[in-house]
Each structure stands twice: as C-alpha cells, then as structure tokens.
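Use the sequences and the hints to build the structure in full.
Under mature numbering (1 follows the signal peptide of the UniProt record, and there is no 0), the residues of the sequence shown are numbered -30 to -1, 1 to 68, in order.
Keep in mind that the hints were calculated from the coordinates and are not lab data. The beta-carbon is built from N, C-alpha and C at its ideal position, and this holds for glycine as well. Not one of these hints is a red herring.
Label pairs and their calculated CB-CB ranges:
1. Asp15 x Gln37: 16 to 22 Å
2. Pro43 x Thr14: 24 to 30 Å
3. Asn2 x Leu23: 14 to 20 Å
4. Asn2 x Tyr53: 15 to 21 Å
5. Gln21 x Asn57: 17 to 23 Å
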Amino acid sequence: MFTLRQAKRAGLTAAVAGTALIATAVPAFAQNAVVGDRMTICTTDLAVRTQPLGAWMGELSNPQTFQVERTDPSGDWVYGFAYGDINAHGWVQNGFFC
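Right, dumping it as structure tokens:
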C-alpha cells in the first residue's frame, strides 16, 4: 500500500516523464537563415522591422519569402529583402525559415 507521500511522488514522476515524451515528440520544422538564400517563411506572422527590435514595418507569413543578405553579430536577427506584402528591405528574427 502506498502512503500519500509515495503516491504524490509517483504521480509527479509520471507527469514529468509524460511531459518529456510530449516535448520530444514535436518535430522542429523551422531553421536558421542561410546568407545568400531566398528562404520561405515558416510561420503565420513574422514581423519585419527597421532594425533589430526596431519599428514594425509589416508582417510576412507562409509561403512568402525573404532574401537573406546578412545577420547581426549575435545571429538572432537577419537583414534582407522581404518579398510578399511588404516588398522592402528590413530585419526579421532568425529561426523562422523553412
């Protein structure tokens, strides 16, 4: 027979194991930008900005594309030309490309 403490501990272990299983079962579709490539957007609303964390210019969504020209030193932001609704140069966050 389990004590209340043992039952709680067993339930917590099962919950953590179940969460880990769910987290590893989700496939990763998005990838980082490749300088020089015209890449497809893999999200529904990727903000295009005037500079990293700068003013909002508009949004791109799948299947619109982005011509990658360079990244910032951290690699978190990508500069290039946004094809689609915007059709202008700007910055987007890295990691949302197919």
